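Given the sequences, and given the hints that come with them, work out the whole structure.
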Amino acid sequence: MTEPNNPAQLDQVHEAEYEIESMPDEVTTTDKSYSQGRLVLRRFLRHRGAMISLTFLILIALLAITSIGFGPIPGWWSKNHVDLYPIQEVGGAPTLTLWPFSIGEHPFGQSTIGKDYFALVMLGTQNSLAIAFTVGIAATIIGTLVGAAAGYFRGLAEAFLMRVTDLFIIIPTLVLAAVLGRMAGNVGGIFALAGMLALVSWTGLARLVRGEVLSLREREFVAAARAVGTSPWRIIVRHILPNALGTIIVNATLLISAAILVETALSYLGFGVRPPNTSLGLLISENQNALSTRPWLFWWPGVFIVAVALCVNFIGDGLRDAFDPRQQMD
Amino acid sequence: MLKFIAKRLGISLAILVLGSLLLYVLVINSGDPLQDLRESNDPNRENRIRQRIENMGLDMPWYERYWDWLTGASRCLVGQCDLGTAINGQSVNALVATAAASTLRLVVLASLLAIVIGVILGIITAIRQYSGFDYGVTLFAFIAFSLPVFWLGVLLKHYAAIEFNNWIVDADLSWPVILAVAAVLAFILQAALGGDLKRRLITFAAVALGIVAILTYFDLVTWFRRPAIGIPVYVLGVIGAAVLVIVLTSGFHNQRVRNAVAATAGVALVGYIAVRGFLMTSATIPILLVCFVAAIAVAVAAGQLLGGFSRRQATLASVVTALLASLLAIADLLLSNWSGYLKEQPRPIPTIGSATPNYESTFWMHSLDALTHIVLPTVTLMLISIASYTRYTRASMLDVLNQDYIRTARSKGISERKVITRHALRNSLIPLATIVAFDFAGLIGGAVITETVFGWQGMGNLFRTGLAAVDPAPVMAFYLVTGTAAVTMNMLADIAYAILDPRIAR
Numbered sequence: 001m002t003e004p005n006n007p008a009q010l011d012q013v014h015e016a017e018y019e020i021e022s023m024p025d026e027v028t029t030t031d032k033s034y035s036q037g038r039l040v041l042r043r044f045l046r047h048r049g050a051m052i053s054l055t056f057l058i059l060i061a062l063l064a065i066t067s068i069g070f071g072p073i074p075g076w077w078s079k080n081h082v083d084l085y086p087i088q089e090v091g092g093a094p095t096l097t098l099w100p101f102s103i104g105e106h107p108f109g110q111s112t113i114g115k116d117y118f119a120l121v122m123l124g125t126q127n128s129l130a131i132a133f134t135v136g137i138a139a140t141i142i143g144t145l146v147g148a149a150a151g152y153f154r155g156l157a158e159a160f161l162m163r164v165t166d167l168f169i170i171i172p173t174l175v176l177a178a179v180l181g182r183m184a185g186n187v188g189g190i191f192a193l194a195g196m197l198a199l200v201s202w203t204g205l206a207r208l209v210r211g212e213v214l215s216l217r218e219r220e221f222v223a224a225a226r227a228v229g230t231s232p233w234r235i236i237v238r239h240i241l242p243n244a245l246g247t248i249i250v251n252a253t254l255l256i257s258a259a260i261l262v263e264t265a266l267s268y269l270g271f272g273v274r275p276p277n278t279s280l281g282l283l284i285s286e287n288q289n290a291l292s293t294r295p296w297l298f299w300w301p302g303v304f305i306v307a308v309a310l311c312v313n314f315i316g317d318g319l320r321d322a323f324d325p326r327q328q329m330d
Numbered sequence: 331m332l333k334f335i336a337k338r339l340g341i342s343l344a345i346l347v348l349g350s351l352l353l354y355v356l357v358i359n360s361g362d363p364l365q366d367l368r369e370s371n372d373p374n375r376e377n378r379i380r381q382r383i384e385n386m387g388l389d390m391p392w393y394e395r396y397w398d399w400l401t402g403a404s405r406c407l408v409g410q411c412d413l414g415t416a417i418n419g420q421s422v423n424a425l426v427a428t429a430a431a432s433t434l435r436l437v438v439l440a441s442l443l444a445i446v447i448g449v450i451l452g453i454i455t456a457i458r459q460y461s462g463f464d465y466g467v468t469l470f471a472f473i474a475f476s477l478p479v480f481w482l483g484v485l486l487k488h489y490a491a492i493e494f495n496n497w498i499v500d501a502d503l504s505w506p507v508i509l510a511v512a513a514v515l516a517f518i519l520q521a522a523l524g525g526d527l528k529r530r531l532i533t534f535a536a537v538a539l540g541i542v543a544i545l546t547y548f549d550l551v552t553w554f555r556r557p558a559i560g561i562p563v564y565v566l567g568v569i570g571a572a573v574l575v576i577v578l579t580s581g582f583h584n585q586r587v588r589n590a591v592a593a594t595a596g597v598a599l600v601g602y603i604a605v606r607g608f609l610m611t612s613a614t615i616p617i618l619l620v621c622f623v624a625a626i627a628v629a630v631a632a633g634q635l636l637g638g639f640s641r642r643q644a645t646l647a648s649v650v651t652a653l654l655a656s657l658l659a660i661a662d663l664l665l666s667n668w669s670g671y672l673k674e675q676p677r678p679i680p681t682i683g684s685a686t687p688n689y690e691s692t693f694w695m696h697s698l699d700a701l702t703h704i705v706l707p708t709v710t711l712m713l714i715s716i717a718s719y720t721r722y723t724r725a726s727m728l729d730v731l732n733q734d735y736i737r738t739a740r741s742k743g744i745s746e747r748k749v750i751t752r753h754a755l756r757n758s759l760i761p762l763a764t765i766v767a768f769d770f771a772g773l774i775g776g777a778v779i780t781e782t783v784f785g786w787q788g789m790g791n792l793f794r795t796g797l798a799a800v801d802p803a804p805v806m807a808f809y810l811v812t813g814t815a816a817v818t819m820n821m822l823a824d825i826a827y828a829i830l831d832p833r834i835a836r
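Residue numbers (my numbering), protein chains in the order written: chain A, 1 to 330; chain B, 331 to 836.
Simulated from the structure, these hints should not be mistaken for laboratory data.
Bear in mind that the values here come from a model prediction, so they are computed numbers and not experimental data.
Each residue gets a CB set at the ideal place from its N, CA and C atoms; glycine is no exception.
Hints are supplied without guarantee of correctness; some may be wrong.
Residues from chain A that face chain B, not an exhaustive set, calculated with beta carbons under 7 Å [what the hints assert, rightly or not]:
| no. | residue |
| --- | --- |
| 1 | Leu174 |
| 2 | Arg182 |
| 3 | Leu261 |
| 4 | Leu291 |
| 5 | Ala309 |
Structure follows, in structure tokens:
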């Protein structure tokens, strides 16, 4: 892991790969205390906003997974999202009270027909998180590969990337995602939906990676690798991509937060996750007219979407500062 | 330049056709168009299934269906569109005619407002880097990036429409509300204007007192039910706008620019006072357009005749002045009609639809009706765009401000205002031209959601219902309208790009 914006250090690290046998002492003395990766990690760990967000996000994920269990594994919460329970409060209001603190029977209230809303919101959060992270990882892989090929080989791969980018200017991502989401609904399952979403989300990252690769391929360490006969893909994977890692990781987090919003929007429109399964967007869609009568049905899923997306955005900001301190805000 | 535009247009058209093929194939394979009939218990079921297969051409192979659509749609080039029929037998042409106008109005308005507000915020945050204002706007951008559009829309519907309509009945401002509004606005303004502690405190106190005074006055005369700008305030407003334009562009010492702007403002004032009565009673869109063109023509003439050696700057400054004066005039006319509108529509901010159905009234009432319908969807739609324009402008402005030529300009002793307006602004806008195209696509996607939330019968609704029924004709009509709009927007962005950076067009 190296930082792409410090040419002197960067060349040093890469020269080290070739000259390590001839002069190991010099290399170890110049970079004795911290490697680039360590420096990035240290900067990230010191970013207060990012660390708070990361903790918060992990807590949300843990809550969503352990409470109702994951798949067939049961969780600690006694109710599920299918059964109807007798209405406890008037209109199924939340039983959660902060002072004195008590969870009660249905902390997030009950839906109009008596389902436990906590279980529903937790299931929705689980699904939204699972989809967002799958999309983030899959789109990052596609985007990195296409972007690297476009930047390194130019020619056909570059033309393909540029035309697909043009296409997304004309067909909005959300529109294409809706059509693909409608298709995924026939296959069923949230991972089919996630795969479809990944197919429409990778172009932005691919263009950024292409830009990085275009400048990196002209550097001397790449010329050196080429001179000793290294194969193109090995150059890309071993020499170029590690230097573009900052861009890739930062934008992967942005992809995740965008995926959460796209998924919830699709579910809201009816082209995403379908009943009987649920997602946070679907819960809002089902309860949007309840804002004046049963506000909790509307607020809880919304608050969870905003919390997750905000956390991921702040983590991305922290990562950007860690990889590229020049752009740092403070 | 022409060659450059022609080439870009050619590529865009080819992509438009390719995209239509892709979308068509995806849509007809996205589900079963006969599903609702298969599940029905209608005794006439077999017949209806046969009829639908025949209507939609389901027995034809996909390429023939696509070819049918393409030949029909390509006749739009000669003005004889045939966009096919929807699943229920309605002609899509008729559906599009009403839907396209409302959607394009929404998207273009949101896009223009987002660019103006976002660029201004971005420039201020870049100039006041690391200030409280900068952090505040950054935080706002983060929150805007994390807000689901549909959730925000439902919240606005509840709090900005229903609650506002309850409040406007007697338009009563309590003391705590007045003080809170004044404190918040004054705090934002002092943060934006900056300076040392003393200057900030003075700004804060002056602004807060001013707002408290104005709001108290408004409350006493129930201004929010009977607002009026009137000619005196209009005169003050135009003079203020002219002063602002002069300060921002050349400063008062350049008498050529000063004279040109003053002449424009003077003509605008006299002209507006002369035609105000006429516009109030019998305005139409063409008449307003004529007035607007006349104002711009006067501004250009003033700039050219009085500008002397700073002709270009004088023209620009007077055109901006004329634009601001026209906007103020429209605001004056609209506000004067507000109390009449409240009598006809006691709950002014609607939550559903893009216009009140069967509403018969004057031109200004209709304008107010359209405005009150569009305000909440626009706010919902443009929030994310404002955030992204702010971030991009800020980053690119900071980038430019660190360039050597800016340091050179400063070292020559040029004032900071000139450094920013003359040397930095234009260059910092260059990267934005590429963002506009992507952002416009995002706005169209957002419009699908916004129209669903606010119950508009627009293009987004056509897309959503068409896709849900696996009916390609309305979906493709949506694509044709929004795709053409996107190509046009892209083209404008490219031209702006070439003007801002002449190297591009070569």
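**Q.** Numbered hints the structure breaks, given as an ascending list
**A.** Structure breaks no hint.
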